[in-house]
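J.: Taken in sequence, the protein lines are chains A and B. What the first sequence shows, in the numbering used here, is residues 1281 to 2386, in sequence order. What the second sequence shows, in the numbering used here, is residues 22 to 304, in sequence order.
Keep in mind that the hints were calculated from the coordinates and are not lab data. These numbers were taken from a predicted model, which means no experiment stands behind them. Check before you lean on any hint, since a few could be wrong.
[Claimed, not checked] Pair ranges (Cβ atoms, derived):
1) Arg205(B) <-> Gly1899(A): 38 to 46 Å
2) Gly1624(A) <-> Glu228(B): 51 to 59 Å
3) Glu1573(A) <-> Ala206(B): 50 to 58 Å
4) Arg205(B) <-> Gly1677(A): 20 to 28 Å
5) Ile285(B) <-> Gly1624(A): 47 to 55 Å
6) Ala206(B) <-> Arg1755(A): 45 to 53 Å
7) Leu292(B) <-> Arg1541(A): 44 to 52 Å
8) Asp184(B) <-> Gly1497(A): 50 to 58 Å
9) Gly1677(A) <-> Glu248(B): 30 to 38 Å
10) Glu228(B) <-> Arg1414(A): 54 to 62 Å
11) Leu292(B) <-> Lys2134(A): 48 to 56 Å
[Unchecked claim] With the Cβ distance kept under 10 Å, some of the chain B side facing chain A (calculated, not the full set):
12) Gln156
13) Lys189
14) Pro190
15) Gly203
16) Leu204
17) Ala206
18) Gly207
19) Asp239
20) Glu284
Every residue, glycine too, gets a C-beta built ideally from N, C-alpha and C.
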Amino acid sequence: MSRLVPVITADREEVRNQPLDGLCAGLGAQELMAECAALDAFRSRSENLYERVRALFFLYSIHRFHLPFREGVRAEGRIPFRGYLHLLERRFEEAIGEFLAAQQEQGPNAALSSALAAAYRGLGFQTLADQVRRSVRSTRGNQWMFRTGHPFDDPLRIRRELLVADPQTGLRPVLREATPVRMDFSHSAWSDIFFLGMDYPEGARVFNTSINLAVRGTGEPRPPVEASFRVIDAPVLRLVSVDLGAEAEIHDTAEVFDFARDYLGLLKAAVIAAGLVPPGMEGSGLDLSGLLERLTGSRGLGIELVSRVNDIPKGSRLAVSTSLLACLITVCMRATGQIRALTGGLEEMERRTVAARAILGEWLGGSGGGWQDSGGVWPGMKLIEGVRAQEGDVEFGVSRGCLLPRHTVFSQEEITAETRRKLQQSLVLVHGGMAQDVGPVLEMVTEKYLLRLGAEWKARLEAGAILDEIIACLRRGDIRGVGACTQRNFEGPIQTIIPWAGNHYTDLLIERARRAFGEAYWGFWMLGGMAGGGMGFLLAPEAAGQGRDRLGEILLATKRELERGVPFAMDPVVYEFSINENGTWAELLSGADALMPPGYYTLRAPALLRREARLLSPGERRELEAFAAACRSRESWAGMAHALFERLLPGTDAGAAANRRALEELLAANGFDPVQHEKIRADLRSGRIGLAQNRLPVTARIEDAREEDATDARRGLPERLRRLGEEALAGGALAIVTLAGGMGTRWTRGAGVVKALNPFVKMRGRWRNFVEIHLAKSRKCMRHSGAGPVHIFTTSFMTHAPMEQWLRRENNYGYEGPVALSSGRSIGLRLVPMARDLHFAWEEMPQQVLDEQKQKVRESARAALIQWARSMGEGSDYTDNVPAQCVHPVGHWYEVPNLLLNGVLARLLEERPGLRYLLLHNIDTLGAWADPALLGLHIDSGAAMTCEVIAREMEDRGGGLARVDGRLRLVEGLALPDERLEFELSYYNTNTMWISIDALLDVFGLARADLADEAKTREAVRRVAARMPAYVTLKDVKKRWGKGQEDIFPVSQYEKIWGDMTALPEWRCAYVVVERRRGQQLKEVAQLDGWLREGTAAWVETLCDF
Amino acid sequence: MRVKKCVLTAAAPSQRRLPLQVLVDRDGEERSVLAILLEEAARAGMEEIAVVVHPGDEEEYAAVAGEHAARVRFLPQPEPRGYAHALWCAREFASGEPFLHMVGDHLYVSRDGAGCAARLVAVAQQEKCSVSAVQATREGQLTQFGAVGGQRVHGREGLYRIDAVLEKPTPTEAEQKLFVPGLRAGHYLCFFGMHVFTPLVMELLGEAVSAGGRSVTDALALLAQKERYLALEMTDRRYDLGARYGLLHAQLALALAGTDRAEILAGLVELLALQPAQAGGRG
């Protein structure tokens, strides 16, 4: 009899809301396996969506956090490759089937549990996403669009008022919609996530206000987003984004559905979601002229839709993009009569329709916001609440809550004008400048709520109570009280649920604001999903005026201090804002006023001006005349002529020239080898090297390691070895080498900050970065053995200077032992990738397929990127970015020889002749520490190098320990001729290695004394390097532009990898299997939550002495 | 309730020539559209018929009224103030009695030849309330018609209790407000151009007209709230003569439903055969 299934089906709240962790605490492996079987059967038979989803998350959680840690469950297991392929293709049911069959055969083990956990979690999220998609499609008012597949069926017509040109000016009117954005006072701890609102509508509550905005010093606040609609004299759909400087004239339906082809994806999603080009027409292959004729009632007419964001940077946490989407949808719906009033505000029913359409648009565009994100469509302050599904609702019987929430707008009697004024005075709204991805946070929250984790569930209820308190404060006009509530909300429930919602930067800001304003500091206000971007500070009104400038200074200074370790997209800004009491609002501009926004003309007019006047159509002529008249007569248009000239005759780009110079200097200073670079380019272009060529020949025989190939240290090593190690430590025989030259591309998705310095976790009440944690482990070692190991951080051109400054500033975090930096001596220049390699990476390698709509968007983006590579010139130098993003370290193989080349090792050996061993590990292997027993094992074995491996789990991709043609070695994932081979390998390479220094010198053909001879050392390194394979890899780099906008480009680079040393026949290696927590690497921010929950973070903390 | 009066509206500036057009009817005889409509009313038992016309059109209309001319009275609409006002011009004629209303720019072809109006009047007399003839129409054509939403009347085939009326709704609004159980997805009950109204309708029209309203639909939406108001689903055909090729379609429908069917079909086949073969475009 299952104990867990009844928890899911229980009616009583106190039973249903029991935390899973508590329920599993007393169960052994056998009992957990029985529960898994019961849950799996239950989730297959249950008709209720949320019962199914909860069962799936229970299964995920048991396999991820409980079963692998039970007595009797082995670490090793074989994950079937077919199951893995199913998982990549999102065929979760089939994947689960494969994994369960393997479990039946192999017995429970951690490897299979990791695979099952991934599959159950994936299925859980897919089930939820499918439900949202179904609900969006079946919402009344949206259904018809999915049925309309041909222009003859299209029931929409453009309103007459928009078709008639003004007799005097000859211009057709412009319909202009302006929409405020929403600012959440509280979202009751992310309760606005669709899934959560539909699971637990009672808890889904958001209080927000619609606001106008302006960056401080740029004028009065106004609605941040605007859309303009008009009928034009050409049978095309013309889309223009003024702020992104993008335009397109679209002739066929296929292009409308091609979202990532250009920067106009949001406009396209709006055109579709508004029903202008109904989603039912996707894939019809029709051109647009027939549809436009049907819509406008005349052959030869078309539609123009123009969007503008009024200087608000991305990442404001104010749902600017959803508001723009809603704004665009509204203007299109007005133009087609789907909204009754052509001008002014909306009726409640219409606002709800717009919100539903915005959700549809978000889904089409492959993004996803909260259900309150269209809040700006509504006026003023409102409470938005989840609604229980009733009979008649499309969600009834499927989920507990409806897709769309209920909005209750607060009147001026409930929250007075005076209170609103006081709020505007006290609240300082800012953009902190950080670049962030909220996606993982939303997934973590969903998971935790569905599992009803104890502390998190309690915090969620507390967040709900704080929301009530905020409303009560506003009712009685107590703004200071509001500040106290938002501060408490951030410090309490928000960070209890997701510690990663806060960060070191924000904590510093709060601390400094508190200090700067003293009593006048009323509270911090987190906006949106996490802190660091859009945020608020509440100050006493008398302090707030000057406080805005003061806060701006604090933000900028703090950003400057942290920017090498924390990813920022831009410099911080302070806003001015006002409450918008209208919601979305439209006006009809006609006659001489029928103008598009000013920036539109700088974008469009140059092409017209370059043409001969006699070749202009009457419509184009009229348009230019109207623009010229506006420039002459309107004050606000005064600068336009100048802007137009700039665009027509662009001056030399001083920034680009400076960038080029800086890049050249950077390359020269870091030993760039142009000869080798040209050789690599030629090899890449001719196809001698490339992604496909990284692989070992298919004839290579690759087998799994045998049991006797590696010592198993997981159950402890003999006391003798520990003593041997301790003696060596006490004698100062060990140096720790932490590899910190890499960019940590996956950690910040190519943001170009120093991963080693990224303060990512709170330990002992403070945010700590990787360097600090590694040094704290060395300090603990020192306390224990009496002598601290030398701690060396290897650096690269990008990380060296910031690391040096940081360590000096922090005084080596108080580590009393010697700390050295080993600076990189190699640098590469990135290349525009070969289309061949992009095809290989995206089409031939097994890929994680995304959710249906996201996948479409990704494919469209990839097609555009391949086009980009071709147009830039495949294999040409990648220089179109800031210098640091154009160059790359050439792999960690070089980081060990660098110790020889840069004199660090020679100096250390001179100072400490007793130094004999190195412990080499990656910056993100936080569990690696100078374990004396492992050191003893290495010394005792007499090997040149002892490599630590762990039992492979699902996430461990990238090769492992194998016998290649009978010889035991570490093999890179890139080098495996067939993907499935990796799944045959039981052990994964942690890249943590114990190295004997004299053996190392020996393999390079050097003696200790030779290190002083630079030429000899250089020659020795070159000789060994030539024996190491160079792998071509693709990396994502970010290019920043505009107001916090970011593009990601794939670039080619090459690298050599230290693990390949194990292939040298004269270099004797030993292997040791260590515990997972010791070898685990933190590659992505999304891993953090699991790392914390499974207890590894706490264990790492015990290794440290801060 | 007995219905014996009929009001025909034909005063709209864009429609006033349509009733004067001559078509060949089912029996192969040439008749004006007006005469065909009057015949439809007469077969439904209408004793008195008022035709609301543009001032000055009376004489021309009288000339083509045919055999029922004697029952017809012409009511001029003094100025073009919309459909609601045109109908309201017949208030004194209706004088507090229920009446049949047809629009002058539609032509009706019943399947069984019994007459659409006759069926509608019979139902209204039996149910003792306002009844509008409606037809299930694809959402692609919503831009042309008023549409209703409502519930089926238990045990009565094709009869609905109306609870919402919208004039030319967008599909978005139709989906949200016009629920009709049992109707195919994407179909709505749209007006057939033929109604039986109780005296309350004239009162509501009066209010609408004095508030500057032009459409009858607003008054009907109010009617649905104040009185039992039914919709009768017709399976017969109606033709909007004002639409593009509307007269041609109506003529073809009449001819193909009547004695000259074979002759017309032969003519059509010949036309098709003469037409140069064209690659069928999409659509």
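J.: Next, verify each hint and record whether it holds.
T.: Against the structure, the hints come out as follows:
| no. | hint | result |
| --- | --- | --- |
| 1 | Arg205(B) <-> Gly1899(A): 38 to 46 Å | 43 Å, holds |
| 2 | Gly1624(A) <-> Glu228(B): 51 to 59 Å | 25 Å, violated |
| 3 | Glu1573(A) <-> Ala206(B): 50 to 58 Å | 26 Å, violated |
| 4 | Arg205(B) <-> Gly1677(A): 20 to 28 Å | 23 Å, holds |
| 5 | Ile285(B) <-> Gly1624(A): 47 to 55 Å | 53 Å, holds |
| 6 | Ala206(B) <-> Arg1755(A): 45 to 53 Å | 46 Å, holds |
| 7 | Leu292(B) <-> Arg1541(A): 44 to 52 Å | 47 Å, holds |
| 8 | Asp184(B) <-> Gly1497(A): 50 to 58 Å | 56 Å, holds |
| 9 | Gly1677(A) <-> Glu248(B): 30 to 38 Å | 36 Å, holds |
| 10 | Glu228(B) <-> Arg1414(A): 54 to 62 Å | 44 Å, violated |
| 11 | Leu292(B) <-> Lys2134(A): 48 to 56 Å | 53 Å, holds |
| 12 | Gln156 | 16 Å, violated |
| 13 | Lys189 | 8 Å, holds |
| 14 | Pro190 | 9 Å, holds |
| 15 | Gly203 | 15 Å, violated |
| 16 | Leu204 | 13 Å, violated |
| 17 | Ala206 | 7 Å, holds |
| 18 | Gly207 | 5 Å, holds |
| 19 | Asp239 | 13 Å, violated |
| 20 | Glu284 | 31 Å, violated |
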